[in-house]
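With the hints as your guide, set chain D with the ligand onto chain W.
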Amino acid sequence: MQVELQLFATLRKYAPDQPLDKGLVMNVEPPLTVSILLEKAGVPLDKVKIIMVNNRHAGFDQELAAGDRVAAFPPVAGG
Amino acid sequence: MTERYARQLNLPHWTPETQQHLAAARVLVVGAGGLGSAVLPYLVAAGIGLTGIVEDDRVDLTNLQRQVLYDTQDIGVPKAEAASRRLAALNPDVEIRSHRTRLEPGNAAAILAGYDLVVDCTDNSAARELLNRTCLNLEKPWIHAAVSEYFGQVTTLLPGGPCWQCLSGTGAPADPPPAGILGPVAGLIGSVQATEALKQLTGTGRLLVERLLVWDALLPGWAEFSYRRNPDCWACGRG
Ligand SMILES: [Zn+2]
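Protein chains in written order, with numbering that gives the first Met the number 0: chain W, 0 to 78; chain D, 0 to 238.
Bound-form chain W, shown alone (with noise of 0.2 Å):
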């Protein structure tokens, strides 16, 4: 099945094909979390704060489904 996954801020540069505009399509048998999402993409999960999908807070046991659109942070913290 087909997820979007949108990599913010300083995560970018594990996903350097991400359309500018969109995030990343990425094809991924079921059953799939959000952690394994980001491991298949490369993304220490010890680098990510805050995780979205379809635009609301989740979290990396969150299970996707085909078409989840799922974004995720690293801590920004300055000021």
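Hints listed in this document are in silico derivations from the structure and should not be mistaken for laboratory results. Don't be surprised by glycine CBs; every beta carbon is placed ideally from N, CA and C. Be a bit skeptical, because a hint or two may be false.
What the hints assert, rightly or not - Every beta carbon over 10 Å from chain W, so not counted as near; a handful from chain D, in silico:
id, residue
1, Q7
2, L49
3, T61
4, G113
5, D115
6, T121
7, P158
8, G159
To be verified - Calculated pairs, EDC-like style, for lysine to aspartate or glutamate (alpha carbon to alpha carbon, straight line, at most 20 Å):
id, chain 1, residue 1, chain 2, residue 2
9, W, K12, W, D45
10, W, K21, D, E103
11, W, K46, W, D60
12, D, K198, D, E223
13, W, K46, D, E103
14, D, K139, D, E103
15, W, K21, D, E223
16, W, K12, W, E28
17, W, K21, W, E3
18, W, K46, D, D174
19, W, K39, D, D215
20, W, K12, D, E103
21, W, K21, W, D60
22, W, K46, D, E148
Below, chain D with the ligand without anything else, positioned relative to chain W:
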């Protein structure tokens, strides 16, 4: 008094009463670095009656690339003092109060109690955890922002709504070491915070509540993500 604010008194929905609301408002800005350099002058210029600054640092040469509130001659001077001087010159009709300290568990409640709204211009997650806890306890609205490299994020947190910990989760990675930051990215995100503060105080428009607004300067582009209160949140949840 009226002439100074003429251009905002011309705004739709902005009346002399709106301006009086601002004159009676008390806003605390925690941190006077890159974000604070944008937030503070805009709030003071708009006529906020009392603006508090929490900052214990001194101006350093490496600050000046983004902390445009300060001059080269301020190097070595406490930021709270240099900022107060600059802001008083910008608008002598309002009060500026400097708190030359770090926000700590022992002083946070006492400092925040004197203000209606808090603006998060801090530079670390430990300070934000403390701000979150204190704002929850005192039921204070606050405006969170953070910046790094070419990126920034901002959201408005109101009593009863999701808290910062609902958004950030727990067991998350520690802050990375201080990264580079493009100066105007801090100015841009700080300007959004100041806008949210003025809207919150005057009841203008809709706020960034349950919405995280994210800026990526490299694209460039904005994205928006909604989030909800987490019933299991250790800071505000029931569990
Ligand atoms: Zn919470």
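Practice task
Below or equal to 20 Å on CA atoms is what counts here, so check K12(W) against D45(W).
Solution key: Distance ~15 Å between K12(W) and D45(W) Cα, so the pair holds.
Handout entry: Pairwise hint evaluation, E103(D) against K21(W), where the allowed Cα distance is 20 Å at most
Key = Given that 20 Å is the threshold and the Cα spacing comes to 41 Å, the pair is violated.
Practice task
Could you grab the alpha-carbon distance between K21(W) and D60(W) and see if it respects the 20 Å cut-off?
Solution key: Roughly 23 Å separates the two Cα atoms, so the pair is violated.
Exercise for the section: Would you mind confirming whether the straight-line C-alpha gap from K21(W) to E3(W) stays at or under 20 Å? Expected result: 8 Å, holds
Practice task
Take the C-alpha atoms of K12(W) and E103(D), compute the straight-line distance between them, and say whether it is at most 20 Å.
Solution key: Violated: K12(W) and E103(D) sit about 36 Å apart, past 20 Å.
Handout entry: Interface-negative label, P158(D) against chain W, beta-carbon threshold 10 Å
Key = Holds, since 19 Å exceeds 10 Å.
Practice task
Measuring Cβ to Cβ, find out whether G159(D) lies farther than 10 Å from everything in chain W.
Solution key: It holds; G159(D) is separated from chain W by about 17 Å at its closest Cβ, greater than 10 Å.
Exercise for the section: Compute the least Cβ-Cβ separation between G113(D) and chain W, then decide whether it is above 10 Å. Expected result: 22 Å, holds
Handout entry: Pair hint outcome, K46(W) versus E148(D) [Cα-Cα no greater than 20 Å]
Key = 16 Å, holds
Practice task
Verify the proposed pairing of K46(W) with E103(D), using a straight-line Cα cut of 20 Å.
Solution key: Roughly 27 Å between the alpha carbons, so the hint for K46(W) and E103(D) is violated.
Exercise for the section: Starting from K21(W), check that the Cα of E223(D) is at most 20 Å away, please. Expected result: 13 Å, holds
Practice task
Starting from K46(W), check that the Cα of D60(W) is at most 20 Å away, please.
Solution key: 16 Å, holds
In summary, the structure is inconsistent with hints 6, 10, 13, 16, 19, 20 and 21 from the numbered list given earlier, while agreeing with the others.
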